[in-house]
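Enquirer: First to last, the sequence lines map onto chains A and H.
According to the working numbering, the first sequence is numbered sequentially starting from 37.
According to the working numbering, the second sequence is numbered sequentially starting from 75.
By construction, these hints were calculated from the structure, which means they are not laboratory data.
Cβ coordinates follow ideal geometry from the N, Cα and C atoms, glycine included.
Be aware that a few hints might be false.
[To be verified] A short, non-exhaustive set of chain A residues, derived as facing chain H with CB atoms under 8 Å:
1) K55
2) V56
3) K108
4) F119
5) F168
6) V170
7) S197
8) L220
9) V223
10) G230
11) N248
12) I251
13) L283
14) E290
15) M294
16) L377
Residues per chain are reported as follows:
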Amino acid sequence: MDTMILGLPMIYYVAMITKVLVAFIFVLLTVAYATYAERKIIGHMQVRLGPMRTGWHGLLQPIADGVKLFFKEEIIPSSSSRFAFIIAPLIALIPAFITFAVIPFGGVMEVAGYKIPLQIAGYYDTVAGRIFDVNVGMLYILAMSSLGVYGIVLAGWSSNSKYSLLGGLRASAQMISYELSAGLAVVSVFMLSGTLSLHEIVMQQSAFNGMNWYIFKQPLAFFLFFVCSLAEINRTPFDLPEAESELVSGFCTEYSSMKYAMFFMAEYANMVTVCALSATLFLGGWQGPFADTFTILGPLYFIAKLYFLMFVCIWIRATLPRYRYDQLMYLGWKVLLPVSLLNIVVTGLVGYFISH
Amino acid sequence: MLDKKNLIKYVFDVYVYSILVFFINRTSRHTEYPVETILAIPPWRLQMLGTYLPILLLVIVAVLFGFVTLLLSSLIGPKKSSRIKLAPYECGCEPVGTARERFSIKFYLIAMLFILFDIEAVFLYPWAILYKKLGVFGLVEMGVFILILFVGYIYVWKKGALEWD
Chain A
37 MDTMILGLPM
47 IYYVAMITKV
57 LVAFIFVLLT
67 VAYATYAERK
77 IIGHMQVRLG
87 PMRTGWHGLL
97 QPIADGVKLF
107 FKEEIIPSSS
117 SRFAFIIAPL
127 IALIPAFITF
137 AVIPFGGVME
147 VAGYKIPLQI
157 AGYYDTVAGR
167 IFDVNVGMLY
177 ILAMSSLGVY
187 GIVLAGWSSN
197 SKYSLLGGLR
207 ASAQMISYEL
217 SAGLAVVSVF
227 MLSGTLSLHE
237 IVMQQSAFNG
247 MNWYIFKQPL
257 AFFLFFVCSL
267 AEINRTPFDL
277 PEAESELVSG
287 FCTEYSSMKY
297 AMFFMAEYAN
307 MVTVCALSAT
317 LFLGGWQGPF
327 ADTFTILGPL
337 YFIAKLYFLM
347 FVCIWIRATL
357 PRYRYDQLMY
367 LGWKVLLPVS
377 LLNIVVTGLV
387 GYFISH
Chain H
75 MLDKKNLIKY
85 VFDVYVYSIL
95 VFFINRTSRH
105 TEYPVETILA
115 IPPWRLQMLG
125 TYLPILLLVI
135 VAVLFGFVTL
145 LLSSLIGPKK
155 SSRIKLAPYE
165 CGCEPVGTAR
175 ERFSIKFYLI
185 AMLFILFDIE
195 AVFLYPWAIL
205 YKKLGVFGLV
215 EMGVFILILF
225 VGYIYVWKKG
235 ALEWD
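Chain H on its own, in the form it takes in the complex (with noise of 0.2 Å):
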């Protein structure tokens, strides 16, 4: 019977097995390789490390550049500090208030459609990879998301909230 201990077994069989399922046949997808070598590791996992494990060692070398070059220079500088020369710059007169004061709500409002646009050219890279494939569908539902979204643009330019003044 499935009491509540079983039932917590029997969904996480289900949940092993539908992984199992996925890997299996995104394996099997690489019909160019051979039995053996599917079995022996599998191909996805050999592309993964051919294609990614040299931009590992690009960042590996990029990071190691970085603070190696960081560390000289405050290794070799001079070092005289004095407490004018550590404050903020404010072109020769001493500094008044602080910097951390409240800045304009249009950079605010900028992230926020960056973010609403930013999603859409999301949207937009799978259809463009298989536009050709997907023929007449695809455009008119594409066609579908741009106008919707052209709307919200009219909008939010009628609002003036592209205004910068």
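Same shape as in the complex, but just chain A (with noise of 0.2 Å):
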């Protein structure tokens, strides 16, 4: 285990190889049984049953979804351009798949007397003696999250159809007015934490047994955070994008077989990532109490903060009804934009006077 390569130990390789592994998978399943919550919630806050007839209460339908549309014919229209119809769905799938990769999920775990933090893009330096992870996770999050939007746009406009071109044109357009409010709502968390890296931003929470969150000093920019991410991903209240009681199914209307699949897998991989994300710079990440001393409690605190997210966005899409456009544009441009530019303003303020 003392072999080096390119100046890093080999436990690190096979760390690194465990661990993308295992967030893929629990990131695949976590998709795949999103969808099946989603079912099951929404038909118990409807006072119907939802899916029961695969296996016990329907535990099977997201498999038995799976199977059925993989036994799917792929048609791709005639009047189609065939490369981009092709390639848009995997360019909405990877990025949403990949973001995952700088969000810490765990404290640090010795295995063989070499420290492992629990975090895809981490690592722990013998040398230094401390963790590195990417220093800019912030960034390359921004970054990965505004590259699913040209998967969709492109699916729009390659479809060659009516109900698809509209479709990805709204999704641009509320993608990036919403994406800019997001990006605005999380600088005030930047000005308290000083850093864009997550691991940090994490361990900036500890205090108080894991329970100093940046929700109770910045509850304004969670919100705007949460309520633009919704909008981002095409959550409803803001699913006009795939809008089916006016536009067939908008950007997605001539996919067909897994191709179809995987926009709705993109959708639930944001899904993920965006309260994994919210959990992390707000709710604390993965610290609770007794999370230092148990390293297991931390995964399991990060779930539960995480499903806790995804039971919020499944409980809003229960209760709200869908937004006009121009509502959303008026919510959006209107309203979101100069409250979190101001909250800002205010943070900036306030932490200066509090430090002086």
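With the hints in hand, could you dock these two chains into one complex?
Expert: Okay, here's the thing in structure tokens:
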């Protein structure tokens, strides 16, 4: 285990491969079962049962859906731009899955005397004696999450169908509008943390037994970020790009089979990322009582916070009706944008007067 | 003497030298490393490798997953296409005209405004990181910056660029 490759010990590579595979499979399973949970929870909220036939209380439903979609015919419309049409679901899916890399999901695990931080893009440097992770982790997330819009616009344009084009255009305008407010909302967190590294941000919330969360200092920023993220990933009440009552299915009208499923996987994977990011920035990430002493508690706290926020997303879907497009633009540009700017100014002033 | 040929050589030397100085400064900033380690392998390179290699691996896994899924579904699924089936969807009617028509100028306007305000956000990030260190100077500077942008925002609002009807 003492072999060094490119200056890093062998166990680093073993840990890296394990972490990547475990996290990828975790996101994949969460995505699959988020669809089931959504149908089940909304069903019960509407006094229905939801899926019941496949397996015990419909537990095998996501697998049945996946198998069904594999056996469906792939239709590529004759008037579509073939290459862009095929590549669009990939462009939507891949950024959605790789965004998870910088989010820390646990503390430091010790295996065979070598410390492994539970974060994909991080490692423990034995010479420096501390954890290094991507020092611009938040920028990485913002960059990757804005790549997803290309997939949707490309899908809408390349289908060469009126519904798709309208859905794609709506999606692009909506996503960039709300990305702006989301990007401004997190600035106030960076003013408190002084770093973009997500590992550092989590560590700074560790006081009071891991309960010194940024949501207590920045409740407005959390609210803004969560609302804008919902709009950015096209969740209800902002699901206008695929408003099924007016646009058939929006940008994915012409898609079928697994390509259609990939857009939905991307949407749910984005939901996982956004909820994980909200938990990391505002709810203390994996921090919680006794998480420092018992390493296993870290991932458990993280998953609990993640699933709670995902439940809130589903809950919102069951509760709120869809916005009209002009209302959506009004909210994004005339309410959320000035409020997030104001939040930065207020944070700056209050922070200055507290420290002096 | 500095003739044309020598001048180019001189400029090139200065250029290479400045790059070297830049990297030496960058390396020596990591004071927690002993000198031998810095000489053996630059820490920033190690750090970049250690943190970005897993991301590369995840990208590879995600790309493979995407391509394999697409390939499998195109292999397994039935293929019985017809001219009508491959026509774009239009509620069961024959498609009328083309889909690539002109669309509302509003979308273009939103994209332009987005670029403006997104650049503002980009300027805010480095300031937010150094906010505590910059003190009152940074606060006033950024206040002026935000104020100018806010004037622009009010102008855009009053011009009706944010209206949607």
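Enquirer: A separate judgement is required for each hint: does it hold in the structure or not?
Expert: Hints and how they fare:
no., hint, verdict
1, K55, "7 Å, holds"
2, V56, "5 Å, holds"
3, K108, "6 Å, holds"
4, F119, "13 Å, violated"
5, F168, "5 Å, holds"
6, V170, "5 Å, holds"
7, S197, "4 Å, holds"
8, L220, "5 Å, holds"
9, V223, "5 Å, holds"
10, G230, "6 Å, holds"
11, N248, "17 Å, violated"
12, I251, "18 Å, violated"
13, L283, "11 Å, violated"
14, E290, "6 Å, holds"
15, M294, "3 Å, holds"
16, L377, "6 Å, holds"
The structure shown violates the earlier hints numbered 4, 11, 12, 13.
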